[in-house]
Amino acid sequence: MTLNYLLKTALVGLKTNKSRAILTILGITIGITAIITVMSLGKGAQNLILGQVQSIGAKVLTIAPGRHPSGPSDFASTFTDSLKARDLDALQRKENVPHLARIMPILFGSDSVTYENNIHRPSIFGVTSMFADIYDIYPREGRIFSDEEVKGFADAAIIGSKVKEELFGENQALGQKIKIKGKSFKIIGLLPKKGSASFINFDDAAIIPYTTAQQYIFGIKYFHRLVVEADKETNVDQTVSDIEATLRASHGITDPDKDDFFVETQADAMEMVGTITNVLTLFLAAIAAISLLVGGVGIMNIMLVSVTERTREIGLRKAIGATDANILTQFLLESVILTCLGGVLGVTFGAGISLLASIILTKALNQTWGFTVPLTAVLLGLGVSAFIGLAFGLYPARQAAKKSPIEALRYE
Amino acid sequence: MPLIEVKNLEKVYRNDSVATSALAGVSFDINDNEFVAIMGPSGSGKSTLLHVLGFLDDYTGGEYRFDGKTVFDYSKDDIAHVRNQKMGFIFQAFNLLARTSVLDNVKLPLVYSSVPPEKWDEMALKAIESVGLSHRLYHQPSQLSGGEQQRVAIARAIVNNPNVIFADEPTGNLDSKSGGQVMEVIQRLHDEGHTVVLITHETYTAEYAERIITLRDGLIESDRKVMERRRAAEHFVK
Chain V
1 MTLNYLLKTA
11 LVGLKTNKSR
21 AILTILGITI
31 GITAIITVMS
41 LGKGAQNLIL
51 GQVQSIGAKV
61 LTIAPGRHPS
71 GPSDFASTFT
81 DSLKARDLDA
91 LQRKENVPHL
101 ARIMPILFGS
111 DSVTYENNIH
121 RPSIFGVTSM
131 FADIYDIYPR
141 EGRIFSDEEV
151 KGFADAAIIG
161 SKVKEELFGE
171 NQALGQKIKI
181 KGKSFKIIGL
191 LPKKGSASFI
201 NFDDAAIIPY
211 TTAQQYIFGI
221 KYFHRLVVEA
231 DKETNVDQTV
241 SDIEATLRAS
251 HGITDPDKDD
261 FFVETQADAM
271 EMVGTITNVL
281 TLFLAAIAAI
291 SLLVGGVGIM
301 NIMLVSVTER
311 TREIGLRKAI
321 GATDANILTQ
331 FLLESVILTC
341 LGGVLGVTFG
351 AGISLLASII
361 LTKALNQTWG
371 FTVPLTAVLL
381 GLGVSAFIGL
391 AFGLYPARQA
401 AKKSPIEALR
411 YE
Chain L
1 MPLIEVKNLE
11 KVYRNDSVAT
21 SALAGVSFDI
31 NDNEFVAIMG
41 PSGSGKSTLL
51 HVLGFLDDYT
61 GGEYRFDGKT
71 VFDYSKDDIA
81 HVRNQKMGFI
91 FQAFNLLART
101 SVLDNVKLPL
111 VYSSVPPEKW
121 DEMALKAIES
131 VGLSHRLYHQ
141 PSQLSGGEQQ
151 RVAIARAIVN
161 NPNVIFADEP
171 TGNLDSKSGG
181 QVMEVIQRLH
191 DEGHTVVLIT
201 HETYTAEYAE
211 RIITLRDGLI
221 ESDRKVMERR
231 RAAEHFVK
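As you go down the protein sequences, you meet chains V and L in turn.
Per UniProt numbering, the very first residue in the first sequence carries number 1; after that it's consecutive.
Per UniProt numbering, the very first residue in the second sequence carries number 1; after that it's consecutive.
A few of these clues could be false.
As the list claims (entries may be wrong) - Under the rule of at most 25 Å between Cα atoms (straight-line distance), these lysine-lysine pairs were calculated in the BS3-like manner:
| id | chain 1 | residue 1 | chain 2 | residue 2 |
| --- | --- | --- | --- | --- |
| 1 | L | LYS86 | V | LYS402 |
| 2 | V | LYS8 | L | LYS126 |
| 3 | V | LYS402 | L | LYS76 |
The hints are simulated quantities; they were obtained by calculation from the structure and are not laboratory data.
Keep in mind that this is a model prediction, so the values were computed, not measured.
Based on the provided sequences and hints, a complete structural model is requested.
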């Protein structure tokens, strides 16, 4: 019995009931389409987020207060006041952290901003002039505040495109005075539109010197984050341990398990993003896989009908010399071809939908959403289809193989 | 040694503790190149006998040797191989594969044989030629008349050069003219050296054979030579 012949036989069998075959594989096709779409979009989202994390630069690391949350309920531990001005001084000393190139405190929150009668509530960021380089965002009009202005508690603000629109509409914003929490700020810069998918949404943000933010807006003496840039990428690991040593000394901590801060590198952040998107993608793909189960049951059902319908054919084949294994192979191959066909269609549709989605998302987010169909998804899709054909085709094929030739030939 | 040796053959069907005896001790031999008709009314056990002779079923008593061996001497797969290589089957209902060309239908037994694929066409063409259907190679069964379909089935039965051809009511679904044509082919196969075992309930058809075994209630009623064999040629006298 040659494979060639088996394939030909299976195809004749399927052609005989073309519309039934198509309906049967629909379940598999939908399932595989969903899996491919989810995995492709998951990969696209991952690439987009990773791209943004990467754009911050591998030399950059972040110091956060508290400790890594141990779980969802441990969220509060991230909001502590352990990072203070003396830590900033200690870290800036060359003998403590020799490879530190720049350091920037960050404060964030949200508050209402008013201009004349217009009120808007954007995110407020207290930073230094370094933020533009770190986040790769420069004013399209105006300028960034200087280090002197930061030191001097300047009342200067840079606003994002959405804030400008909400408060000023089409009118001139640069040079106008807005009020944040009752304090007057002069607009010195306007940020370009970046799109809502940015890692930080700068479109809906007002950016002011961190000193002013501490003093007048948030009324606190500590920082929410410290962003450090190392002099070289290769010195990042050294810098992490130098920072840890410096802060432990500054906070009087001897046991690293009791740290009231943590340092996160871009590699850490990327790993976390990767893990989160992978888990999310797998979760969604698993839901999609349920439809494959339903599709598989459909295949089994139709194959059983087909076996019954073709009882005489089975009897004849056995009478003229087919072994049980020959019959088993014939029907198993038929169901595998059926599901693989569904799988190929599913991969094609899934890739098509993902391509369409990537075009729409690129327009909607104003961000390049890369179209990728991961090879693993394609292989997984086809592999799962073939497996379903085998798993759900086995029972009907065995029923076929078990038929006795006399009973089968007598069947009307 | 006869090709087919049957001694006190018994077959009892057991169904929910009810035993039905289909063959109650049947004995006969069939030699190579014989043409034997097995006759009898329905329920006489002739179909059961054909199933046992064709290794499609086992038996419950006595002994049946085909080519010196019983069905119990073989594994299940080997039985399939014996059926494939040494036996050819012709059924009342033709049992051709639908949507499959004449050529492919005739090739079917070769698919399950050890004959290399490059020889399939040659063997199938030869078999089709011998039943006179070379002009219908790529037709599908639904495009053929009943008689032609049965001749395709005959070609399929002989494609592997079997030792014996079992024909189960081959003319039962045909009008008398097509039936006559089919019997002509079967008779010619016998003339060319094939052993033929024909099951029928019609005396008219049985008389094409050299010998008629008549069954009644699972026993042999008579086993006689045919004095005046019907020749297909006379059927065609118009």
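(request) Quickly compare the C-alpha distance for LYS402 (chain V) and LYS76 (chain L) to 25 Å and report which way the hint goes. (result) 12 Å, holds
(message) Checking one constraint from the list: CA of LYS8 (chain V) to CA of LYS126 (chain L), max 25 Å. Satisfied?
(response) Given pair LYS8 (chain V), LYS126 (chain L) holds - Cα atoms ~23 Å apart, limit 25 Å.
(request) Please work out if LYS86 (chain L) and LYS402 (chain V) have their alpha carbons no farther apart than 25 Å. (result) 23 Å, holds
No hint from the list above goes unmet by this structure.
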